[in-house]
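Colleague: Residue 158 is where the sequence shown starts when you use the working numbering, and the numbers rise one by one after that.
I should point out that these hints are in silico values taken from the structure, not numbers from a laboratory. Hints are supplied without guarantee of correctness; some may be wrong.
As a list, the in silico EDC-like pairs of lysine to aspartate or glutamate whose alpha-carbon atoms are at most 16 Å apart [stated by the list, open to error]:
1) Lys238 / Glu288
2) Lys238 / Asp286
3) Lys218 / Glu178
Cβ-Cβ distance ranges computed for the label pairs, FRET-style [claimed, not checked]:
4) Pro223 / Asp247: 40 to 50 Å
5) Asp247 / Asp224: 37 to 47 Å
6) Arg285 / Gly225: 30 to 40 Å
7) Thr269 / Phe227: 18 to 28 Å
Cβ coordinates follow ideal geometry from the N, Cα and C atoms, glycine included.
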Amino acid sequence: MLVQMEGKPLKRSTLKTSEEEGEIVEGVFDGQVMMGTDGKQYPVPANYASKSKLVEGDMLKLTITPDGSFVYKQIGPVERKRLIGIVSQDDLGNYVVIADGKAYRVLLASVTYFKAEPADEVTVVVPRDSESVWGAIENLVKKGSATADFTAPVAPPEDSGAQEKKKEEKIVKGTEDYVGQDGKLESDFSDEWTPKLDKLREEASKPIT
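Using the sequences and the hints given, assemble the complete structure.
Modeller: And the structure:
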């Protein structure tokens, strides 16, 4: 009020937005970098991607400040789903998470952050409605959950008597398949065994030399 009465102009401070402070580029995160709408690739810091749990398909806005700094902001996250999988490594030493029969690549930064190791069980976040190569580790569920349990009891071997009994039951079961409704052996089964029985009788009737 006093300034206006003295006839001096009123100074107004202008707040500059991030858009006014640098160049703005939008794009899609592909698991490692941002594919800009201008057709260029922009590196995304692994620590930022890991901490923000970015997944393939997320829309990002990049502000390139006058001093050359890159400032990212997630502006359009895709729908997600969570899977439980096991940490492993491929032939090249890259970390992957095996979940639902598929190997999802994960950033080394996220593996380091959670101190995850091969055989650990983790929760991984992936796009809900599309296939992806990359996933984002969300939580460490259990350490070394994929380690085989060698303390599980082993079933004792069956004794010879039990094995013979099973063989006899199998023979009886096989014979029952040829028994008709009247309780007699079907003709096909009789024809199959009759020649063998006749041969046995012939051999039995021969004098012993």
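Colleague: If a hint holds in the structure, say so; if it doesn't, say that too.
Modeller: Hint by hint, here is what the structure shows:
1. Lys238 / Glu288: Given that 16 Å is the threshold and the Cα spacing comes to 12 Å, the pair holds.
2. Lys238 / Asp286: Since the Cα atoms of Lys238 and Asp286 sit roughly 9 Å apart, the hinted pair holds (cutoff 16 Å).
3. Lys218 / Glu178: With a Cα-Cα distance of about 14 Å, the restraint between Lys218 and Glu178 holds, given a limit of 16 Å.
4. Pro223 / Asp247: 40 to 50 Å: About 41 Å separates the Cβ atoms of Pro223 and Asp247, which means 40 to 50 Å holds.
5. Asp247 / Asp224: 37 to 47 Å: Hint holds: Cβ distance 39 Å, inside 37 to 47 Å.
6. Arg285 / Gly225: 30 to 40 Å: With Cβ atoms ~36 Å apart, the hint holds.
7. Thr269 / Phe227: 18 to 28 Å: With a Cβ separation near 21 Å, Thr269 and Phe227 satisfy 18 to 28 Å, so the hint holds.
Taken one by one, the earlier hints all hold for this structure without exception.
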